[in-house]
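A.B. asks: Numbering follows UniProt numbering, in which position 106 of the sequence shown is assigned residue number 106; successive positions increment by one, without gaps.
It is worth saying that the hints were derived from the structure and are not from the lab. Incorrect hints may appear among the rest.
[Unchecked claim] Each computed DSS-like pair below joins lysine-lysine, with the alpha-carbon atoms no more than 27 Å apart:
1) K277 - K215
2) K335 - K285
3) K335 - K277
4) K159 - K109
5) K264 - K278
6) K334 - K285
7) K187 - K37
8) K269 - K334
9) K227 - K145
10) K276 - K335
[To be verified] Simulated restraints on C-beta separations:
11) D47 - G331: 12 to 22 Å
12) D206 - E226: 21 to 31 Å
13) S209 - K334: 13 to 23 Å
14) N97 - K285: 22 to 32 Å
15) E80 - G283: 41 to 51 Å
16) D47 - T212: 15 to 25 Å
17) P64 - S209: 17 to 27 Å
18) G283 - N105: 36 to 46 Å
19) N183 - K334: 49 to 59 Å
20) S295 - S69: 36 to 46 Å
For clarity, every value in this text was computed on a predicted model and none was experimentally measured. For every residue, glycine included, the Cβ atom is placed at its ideal position computed from N, Cα and C.
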Amino acid sequence: MSKNLSAESQPKLVLVTGASGFVALNVIQELAKTHHKIRATVRNINDKTKVDIVKRAAANSKYPIEIFSADLTNPDSWNEACRGADIVIHTASPFPNEAPEDPENQLYKPAIQGTKNVLNAAYNANVSRVVVTSSTAAVYNFGAKNTIFSEKDWNDPDKTTPYPKSKILAERAAWDFVEEKKNNGKKCFELAVINPCFIMGPSLGDSSSLGTSEKLIAGLLQGLPEKGTEFHIGYCDVRDVAQAHVKAAFLPEAVGHRHVIETKWASNKEALEVLKKKYANQGFKLITQYESTPSPNNRSDTTRMTKVLGIQPTSFENSIIDMAESLIKAGIVKK
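Model the full structure from these sequences, guided by the hints.
C.D. replies: Dropping the structure here:
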């Protein structure tokens, strides 16, 4: 099962799950720069808009992209998608548009079982390596101050809100899956995990699939919300996140590790100031008034990002502006 995954070797078939998502589209675009073959999954193969967006992301690929239909809640749907794949990059995850009324059934179970369904199919297909998209929501203790977080830290699932808890449980399910196979004397795929924070950078999707960060920037450009509270968190760029996934798919040093992807800790108020500096005289509203809050003075140890994966983070300012530009260009944000 331990195939040579050197990026310089023969082309590998890389499966990307949740292909129409913000991260996945950028991962596909990054993979298209390599000599590897790309296969992608979407929930509904008949959704032409989503399928076309995925195809556009892979436009520069040396090989035609393969697109399969697969659903996290349907274990059988993953068998065909994983068959013949060398590597699986698992980005798909349930994400609520609003606070779930029933977190157990709306978030936790789908996140855990969805991860297990993909990993089981990957295992049965003799996939060599799996890269799982987790989050710093599984790392950060959001009440901490003056703290340097690292891949060794785990957020407490019993002391956090539903979405972070779902990311913690899903990531733990992935590590437990591999550990259980090894404890039973079975060979298993290699596992690496990427833990991005709040992701900015250019959007490749459409208005029907905007993520939290895209909605934030689109809202600010249109004067929404009128008032709010400053919120501090780690920020990163989606292009760095995409690079991290692709590099973790091939570098031997990535195996068995989590990788925090972070540019810096900043706030929504700071993001607004970046937008004002660029767009204040271009007809956008930018009228949001944020009530200032003290910074917790946190940051993350990003040694694995910079030294192991070799990624130098895109600046916070460029991430904000490039996301805004992509939303304006796509017609999602209008003056």
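A.B. asks: For every hint, state whether the structure bears it out.
C.D. replies: Here is what the structure says about each hint:
| no. | hint | result |
| --- | --- | --- |
| 1 | K277 - K215 | 20 Å, holds |
| 2 | K335 - K285 | 8 Å, holds |
| 3 | K335 - K277 | 16 Å, holds |
| 4 | K159 - K109 | 18 Å, holds |
| 5 | K264 - K278 | 20 Å, holds |
| 6 | K334 - K285 | 10 Å, holds |
| 7 | K187 - K37 | 25 Å, holds |
| 8 | K269 - K334 | 21 Å, holds |
| 9 | K227 - K145 | 25 Å, holds |
| 10 | K276 - K335 | 14 Å, holds |
| 11 | D47 - G331: 12 to 22 Å | 20 Å, holds |
| 12 | D206 - E226: 21 to 31 Å | 26 Å, holds |
| 13 | S209 - K334: 13 to 23 Å | 18 Å, holds |
| 14 | N97 - K285: 22 to 32 Å | 23 Å, holds |
| 15 | E80 - G283: 41 to 51 Å | 49 Å, holds |
| 16 | D47 - T212: 15 to 25 Å | 21 Å, holds |
| 17 | P64 - S209: 17 to 27 Å | 23 Å, holds |
| 18 | G283 - N105: 36 to 46 Å | 45 Å, holds |
| 19 | N183 - K334: 49 to 59 Å | 56 Å, holds |
| 20 | S295 - S69: 36 to 46 Å | 45 Å, holds |
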